[in-house]
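The task is simple: from the sequences and hints, build the whole structure.
Be aware that the sequence shown starts at 1, since it is given in the working numbering, and climbs by one per residue.
No lab work stands behind these hints, which were simulated from the structure alone.
Pairwise CB distance ranges (calculated): (1) ASP66 x ASP221: 20 to 26 angstroms; (2) ASN198 x ALA140: 36 to 42 angstroms; (3) HIS118 x GLU31: 25 to 31 angstroms; (4) PRO164 x ALA123: 19 to 25 angstroms; (5) HIS57 x ASP137: 25 to 31 angstroms; (6) PRO32 x ALA106: 19 to 25 angstroms; (7) GLN94 x ALA171: 19 to 25 angstroms; (8) PRO164 x GLN70: 37 to 43 angstroms.
We put the beta carbon where it would ideally sit given N, CA and C, even for glycine.
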Amino acid sequence: MSAFACARHLVSGAAALASVLWPAAISRAAEPVDVELVLAVDVSLSMSPDELEIQRHGYAAALTHDDVLQAIGDGAHGKIAVTYVEWAGATWQQVVVPWTVIANRADAERLAAQLSAHPPASARRTSISGALEFASDLFAESGFQGVKRVIDISGDGPNNQGAPVDITRDAVIKQGITVNGLPLMTKGGGFSSAYDVNNLDRYYSDCVIGGPGSFMIPVNDWTQFPEAIRRKLVLELAGPASPQRAAEEAAHPPLVLAQDIPVTDCLVGEKMWRDRSWMYNSR
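This is the structure in structure tokens:
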């Protein structure tokens, strides 16, 4: 074999070996955590500026709460990875806090400070499906390897733009991602409630949440919001055999779990938008 052929053979062999080892190197580089958590928060125009601030402050307070920090510390790795996303229409999603590790109070307080650094924005329409698609893509670039991957989505109305929400939800959970919900049944906001639906909690149960152990906690009044967020995070982060989780479940009414047989029309938001297309393009 000539020197040139030998060199070419060695280069080809090295390239083939690299193609085998490179994915393994990427996998080894991923930092292990107990949970990769996307906090996906509705900022559509149906939310007033005060309500947007309540949401930000509620998440900041919950992430620094002793109960949440204990749930994180009790995990096998003692840390989680979190990113905070605000969303509205099908093409409007904004990462407010990029992927961040929380392993102790100092980590949580730094994340809370980021949430308070700039006022929340707001935008038209409500696309839960767009938020789910965007959130699911974030896991590929997280740089972490979670025992669980969870999208925690909150909102005050049904999907009215983008792909059907139940179809998108099903595609997301097929990736091994759990979707939990926080329906905001507050009937507030700065615009008309013409796009509100009765029983938004049932809509979330049937059309939005899904995956192993998925659940949702409805919020009926903004005064309930901070406690609902705290409780929800504890239940998401504490293991199923955790005494802390058992205590939370014993102290509150049962969680509303995903239904095996949906009874809600998952296109109700789209139909309401179509039938009221003459109204202001707010939600």
